[in-house]
Amino acid sequence: MMDKWTFGLTMLIVGMGGTIVTLILFSFIMSALKKIFPYKKED
Amino acid sequence: MVDAILSGLSGLVAGCAALHWSNVLMMIIGGVLLYLGIKKDFEPLLLVPIGFGCIIVNVPLADLMEKEGFLRIIYDMGIITELFPLLIFVGIGAMTDFRPVLENPYTFLLGAAGQFGIFLTLLLALVLNFPYKDAVTIGIIGACDGPTVIYVASQYAPHLLGAVSVAAYSYMSLVPVLQPPIMKMLTTQKERETVMKTHQKTVSDTTALLFPVIITIVGGLIAPKGLPLLATIMLGNFMKESGAVSRLTKCAENELSNIVTLLLGISIGATMSGPEFVKPTTLIILCLGLLAICLDTVCGVLFGKILYYITGGKVNPLIGAAGISAFPMSARVVQREGQKYNKRNFLLMHAMGANAGGQVGSVMAAAVMLSVLKGMGII
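In the order they appear, the protein sequences are chains W and H. According to this note's numbering, the first sequence is numbered sequentially starting from 1. According to this note's numbering, the second sequence is numbered sequentially starting from 1001.
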């Protein structure tokens, strides 16, 4: 069993890092979707 | 004959005799929750059933939470199985409009910044010697998202369910009180007065429809352990955006949400039995939960400041405070605070974007956390 510092820092780095990277990815995907399916007036 | 009468009478006073001081304290706390819900309008839909559940579970000898007690049946049916928080998420998804975040996808990043408190509080809980799973559950209060907190607690630390749920919902309802001082402390007058450009409508119906499907697939692939959370909220949103199942959407928004909220609230109240709830750990959890939500706001506003400088003063840093998941309360707080410092400031739609980003961010943070725990072999 790892010590609590290793666990805590891993959660901070991988957990927070993973959350940020995922949301950046979502942001890029959404920007791409907006380009592929642009808004038209009749929408 | 006299003995029989005395025996009968003893049955009538047994409840009073078994009353512990902690039961009385919890009944008072239940009363305070009812007062806050009814008179102060703090999350009444939840605080009223929680408060009532808290009062009745503290009546001794009623055995409501013993095997076959009616509260135990509801609790086992919906909390232990994780069903209630997931059903609530279908309703939340059906009620949430993600278009503001789609208008400006960068606001997803504010939703990420608003989750820092989760991980910082987790570290603090570890410093205070909480076991790993308990620390994770306490940290998740920082998601500022009741169903997510309940989902994680019911799986990994059911003994903390009452404390973390009450902390999450109480602090969510206190967002209008907690956030403004932090927002003011971290920003300058000039930053708070920043007027942001009004949105042009740029999101097509196709984009809005594809959003929940793509987020579910991509998010699920990255963090499969959190897929139930992500999938249910996105299912609700997909139904709403499709426009094809308005009956189901209305049901998710109203009947389903109302029934599950009632059962969820009374089940949480049922975990607040005096002898189990009144202990120093509960107080520490309530303090850590408060800290988590304050840290979320601090990190969100600081990230808003970074955006302010990167964009040359085009982003009002106050919208960073809406990066937490308390939807739509924190967006309203940002709007109100923005107007306080500049009457020409209309931050609501920008803040709604950050707030919707925070909604997805909190679910993703929990999902990522669970998947990391799985990867580390902790769960």
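The set of hints was computed from the structure by calculation and includes no laboratory data. Warning: the hint list may mix true and false statements.
Stated by the list, open to error - Partner residues are not named here, just some residues of chain H that face chain W (Cβ under 7 Å, in silico):
hint, residue
1, Gln1115
2, Phe1119
3, Leu1122
4, Leu1124
5, Ser1204
6, Phe1346
Claimed, not checked - Computed list of lysine-lysine pairs in DSS-like fashion (alpha-carbon distance at most 30 Å, straight line):
hint, chain 1, residue 1, chain 2, residue 2
7, H, Lys1250, W, Lys34
8, H, Lys1201, W, Lys34
9, W, Lys40, H, Lys1201
10, W, Lys40, H, Lys1305
11, H, Lys1225, H, Lys1250
12, H, Lys1201, W, Lys4
13, W, Lys35, H, Lys1133
14, H, Lys1133, W, Lys34
15, H, Lys1314, W, Lys34
16, W, Lys41, H, Lys1314
17, H, Lys1340, W, Lys35
18, H, Lys1201, H, Lys1040
19, H, Lys1067, W, Lys4
20, H, Lys1201, W, Lys41
21, H, Lys1340, H, Lys1197
22, W, Lys40, H, Lys1197
23, H, Lys1250, W, Lys41
24, W, Lys35, H, Lys1040
25, W, Lys41, H, Lys1067
26, W, Lys40, H, Lys1250
27, H, Lys1197, H, Lys1305
28, W, Lys4, H, Lys1197
29, W, Lys34, H, Lys1374
Computed from a prediction, not measured in an experiment: that's the story for all the values here. Note that CB positions come from ideal geometry on N, CA and C, so glycine has one too.
Each hint, compared with the structure:
1. Interface hint status for Gln1115 of chain H: upheld, as the beta-carbon distance to the closest one in chain W is roughly 6 Å, under 7 Å.
2. A cut of 7 Å between beta carbons decides the hint on Phe1119 of chain H: the least distance to chain W is about 5 Å, and the hint holds.
3. Annotation: Leu1122 of chain H was flagged as interfacial toward chain W, and the flag holds, the nearest CB pair being 6 Å apart, inside 7 Å.
4. Of the supplied interface hints, the one on Leu1124 of chain H is violated, with its beta-carbon coming no nearer than about 9 Å to a beta-carbon of chain W, more than 7 Å.
5. The closest approach between the C-beta of Ser1204 of chain H and any C-beta of chain W is roughly 5 Å, which is under the 7 Å cut-off, so the hint is satisfied.
6. Restraint check, Phe1346 of chain H versus chain W: the minimum CB separation of about 21 Å is more than 7 Å; hint violated.
7. Between Lys1250 of chain H and Lys34 of chain W the CA atoms are separated by roughly 28 Å; this keeps the pair inside 30 Å, and the hint holds.
8. A distance of roughly 11 Å separates the Cα atoms of Lys1201 of chain H and Lys34 of chain W; the hinted pair therefore holds under the 30 Å criterion.
9. Restraint check for Lys40 of chain W and Lys1201 of chain H: the C-alpha separation of about 10 Å stays at or below 30 Å, so the hint holds.
10. Proposed proximity of Lys40 of chain W and Lys1305 of chain H is contradicted: the alpha carbons are some 34 Å apart, above 30 Å.
11. Pair hint Lys1225 of chain H plus Lys1250 of chain H holds up; C-alpha atoms about 29 Å apart against a cutoff of 30 Å.
12. In summary, the hint linking Lys1201 of chain H to Lys4 of chain W is not supported, as the alpha carbons are separated by about 48 Å, beyond the 30 Å threshold.
13. The straight-line distance between the Cα atoms of Lys35 of chain W and Lys1133 of chain H is roughly 42 Å, outside the 30 Å bound, and the hint therefore fails.
14. Taken as a hint, the Lys1133 of chain H and Lys34 of chain W pair is broken in the structure, with Cα atoms around 40 Å apart against an allowance of 30 Å.
15. At most 30 Å may separate the alpha-carbon atoms for a hinted pair to count; Lys1314 of chain H and Lys34 of chain W meet this at roughly 22 Å.
16. Under the criterion of a C-alpha separation no larger than 30 Å, the hint pairing Lys41 of chain W with Lys1314 of chain H is consistent with the structure, at around 27 Å.
17. Proposed proximity of Lys1340 of chain H and Lys35 of chain W is contradicted: the alpha carbons are some 37 Å apart, above 30 Å.
18. A hinted pair counts as satisfied when its Cα atoms are at most 30 Å apart, and Lys1201 of chain H with Lys1040 of chain H does not qualify at roughly 37 Å.
19. Annotation: proposed proximity of Lys1067 of chain H to Lys4 of chain W is violated, straight-line Cα distance about 37 Å (limit 30 Å).
20. Proposed proximity of Lys1201 of chain H and Lys41 of chain W is supported: the alpha carbons are some 9 Å apart, at most 30 Å.
21. For the given pair, Lys1340 of chain H sits about 18 Å from Lys1197 of chain H by alpha-carbon distance, which is consistent with the 30 Å threshold.
22. A distance of roughly 21 Å separates the Cα atoms of Lys40 of chain W and Lys1197 of chain H; the hinted pair therefore holds under the 30 Å criterion.
23. For the hint linking Lys1250 of chain H to Lys41 of chain W, the alpha-carbon distance of about 27 Å falls within 30 Å, and the restraint holds.
24. Distance check on the hinted pair: Lys35 of chain W and Lys1040 of chain H sit about 46 Å apart at the alpha-carbon level, beyond 30 Å; violated.
25. For the given pair, Lys41 of chain W sits about 60 Å from Lys1067 of chain H by alpha-carbon distance, which is inconsistent with the 30 Å threshold.
26. For the suggested pair Lys40 of chain W and Lys1250 of chain H, the alpha carbons sit about 28 Å apart, so the restraint of at most 30 Å is met.
27. For the proposed pair Lys1197 of chain H and Lys1305 of chain H, the alpha carbon gap of about 17 Å is at most 30 Å, so the pair holds.
28. A hinted pair counts as satisfied when its Cα atoms are at most 30 Å apart, and Lys4 of chain W with Lys1197 of chain H does not qualify at roughly 46 Å.
29. Note on Lys34 of chain W and Lys1374 of chain H: the hinted pairing is violated, with a Cα-Cα distance of about 34 Å set against a maximum of 30 Å.
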